[in-house]
Amino acid sequence: MLVHWTDFGPELDEFERIFRDFDRLFNASTQPMEMAPRFDVTEEDDAWTVHALVPGLGPEDIEVSVKGDVLTISGRRTVEVPEGARALRRERPTLAFSRSLTLGADVDPDGITATVKHGVLRLRLPKRPERKPRMITVTAE
Amino acid sequence: MDTSVQTRQQHANGDLPVVSPPVDIYEITGEDRQGLALVADVPGARADGLTVRLDPGRNGHDVLFIEALASAGEGEQARSFRYRRAFVLNERVDQDNIRAELRHGELRIELPRAAEMRSRRIEVVEG
Numbered sequence: 061m062l063v064h065w066t067d068f069g070p071e072l073d074e075f076e077r078i079f080r081d082f083d084r085l086f087n088a089s090t091q092p093m094e095m096a097p098r099f100d101v102t103e104e105d106d107a108w109t110v111h112a113l114v115p116g117l118g119p120e121d122i123e124v125s126v127k128g129d130v131l132t133i134s135g136r137r138t139v140e141v142p143e144g145a146r147a148l149r150r151e152r153p154t155l156a157f158s159r160s161l162t163l164g165a166d167v168d169p170d171g172i173t174a175t176v177k178h179g180v181l182r183l184r185l186p187k188r189p190e191r192k193p194r195m196i197t198v199t200a201e
Numbered sequence: 008m009d010t011s012v013q014t015r016q017q018h019a020n021g022d023l024p025v026v027s028p029p030v031d032i033y034e035i036t037g038e039d040r041q042g043l044a045l046v047a048d049v050p051g052a053r054a055d056g057l058t059v060r061l062d063p064g065r066n067g068h069d070v071l072f073i074e075a076l077a078s079a080g081e082g083e084q085a086r087s088f089r090y091r092r093a094f095v096l097n098e099r100v101d102q103d104n105i106r107a108e109l110r111h112g113e114l115r116i117e118l119p120r121a122a123e124m125r126s127r128r129i130e131v132v133e134g
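The listed protein sequences derive, respectively, from chains A and B. Just so you know, the first sequence maps onto residues 61 to 201 in my numbering. Just so you know, the second sequence maps onto residues 8 to 134 in my numbering.
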């Protein structure tokens, strides 16, 4: 059965077919090496945000912890060949990561939140409210 | 230079960047279930922006198209993009029973083999 992919549609079918056997040889049995997702950090006015693409990971698969001023994010997704199935193509890697970030003094560790939705992990690291100058009223004695 | 390919791509993609997602494909050869199963990593994709389509290709080979709108990031860093891949199938698929499921950014598609393609065990009886 199967199969070739092309980003150009079926027009390359004939061409692709020639390479089918090579493709099977390279793709079918070997899984890509373990990979870690890329973490993007963005600064906003009131918070820092951290994003990562983590397909297959739900809330139960991701651990976020803060110890002192170090934030650690870790998770793992393994890809298994289902029982009774034969792999024809394996491109999805095992995802494994444990990343530590040192929090700046402006981050409020108690306010950190983490959500994962549709395979996208998002952390929000709120900044401490800026210390406003406090006016001290001088009273007459 | 062949510009027709480029034009077709732009037309199909709109103005969103296109990402080719990694895909695993399995052949299922059980007695009761036969066909293909396909799993794609499409983090950021939502079910309402998902297209799974089987088109008749040339020479009787169907083409499976997968397209998914996705977004990630926020604020000025927010970006939208489109996952897109196509596969030429070498075998007939039971079109009415294709199933697709999207969970945690993983897209799973089951393509049962068409009834006339299914292998079937024939009981041997003593004559």
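Hints were generated in silico from the structure; no laboratory data involved. For glycine and all other residues, C-beta sits at the position ideal for the given N, C-alpha and C. Take the hints with a grain of salt, since some may be wrong.
From the structure, some residues in chain A lie toward chain B, with a derived Cβ separation under 10 Å [as the list claims (entries may be wrong)]:
| # | residue |
| --- | --- |
| 1 | G116 |
| 2 | A145 |
| 3 | A147 |
| 4 | I172 |
| 5 | T173 |
Heads up, incomplete: computed chain B residues facing chain A, CB under 8 Å, no partners named [stated by the list, open to error]:
| # | residue |
| --- | --- |
| 6 | I35 |
| 7 | D48 |
| 8 | G51 |
| 9 | G56 |
| 10 | V59 |
| 11 | E81 |
| 12 | A122 |
Tested hints:
1. Interface restraint check for G116 (chain A): the shortest CB-CB distance to chain B comes to about 5 Å, inside 10 Å, so the restraint holds.
2. With its C-beta approaching chain B no nearer than about 4 Å, A145 (chain A) sits inside the 10 Å limit, and its interface hint holds.
3. The beta carbon of A147 (chain A) comes within 6 Å of a beta carbon in chain B, closer than 10 Å, and the hint placing it at the interface holds.
4. Taking 10 Å as the C-beta contact cut-off toward chain B, the hint placing I172 (chain A) at the interface is violated, the least distance being around 16 Å.
5. With a least beta-carbon distance of about 13 Å to chain B, the hint placing T173 (chain A) at the interface is violated under the 10 Å criterion.
6. Hint status for I35 (chain B): holds, given a least beta-carbon distance of 5 Å to chain A, under 8 Å.
7. The restraint placing D48 (chain B) at the interface with chain A holds, with a minimum CB-CB distance near 4 Å, inside the 8 Å limit.
8. Interface restraint check for G51 (chain B): the shortest CB-CB distance to chain A comes to about 5 Å, inside 8 Å, so the restraint holds.
9. Using the Cβ-Cβ criterion of 8 Å, the hint placing G56 (chain B) at the interface with chain A is not satisfied: the shortest such distance is roughly 10 Å.
10. Annotation: V59 (chain B) was flagged as interfacial toward chain A, and the flag is violated, the nearest CB pair being 14 Å apart, outside 8 Å.
11. The beta carbon of E81 (chain B) comes within 6 Å of a beta carbon in chain A, closer than 8 Å, and the hint placing it at the interface holds.
12. This hint is violated: A122 (chain B) has a C-beta 15 Å from the nearest C-beta of chain A, more than the 8 Å allowed.
Violated hints, listed in ascending order, are 4, 5, 9, 10 and 12; each of the other numbered hints is respected by the structure.
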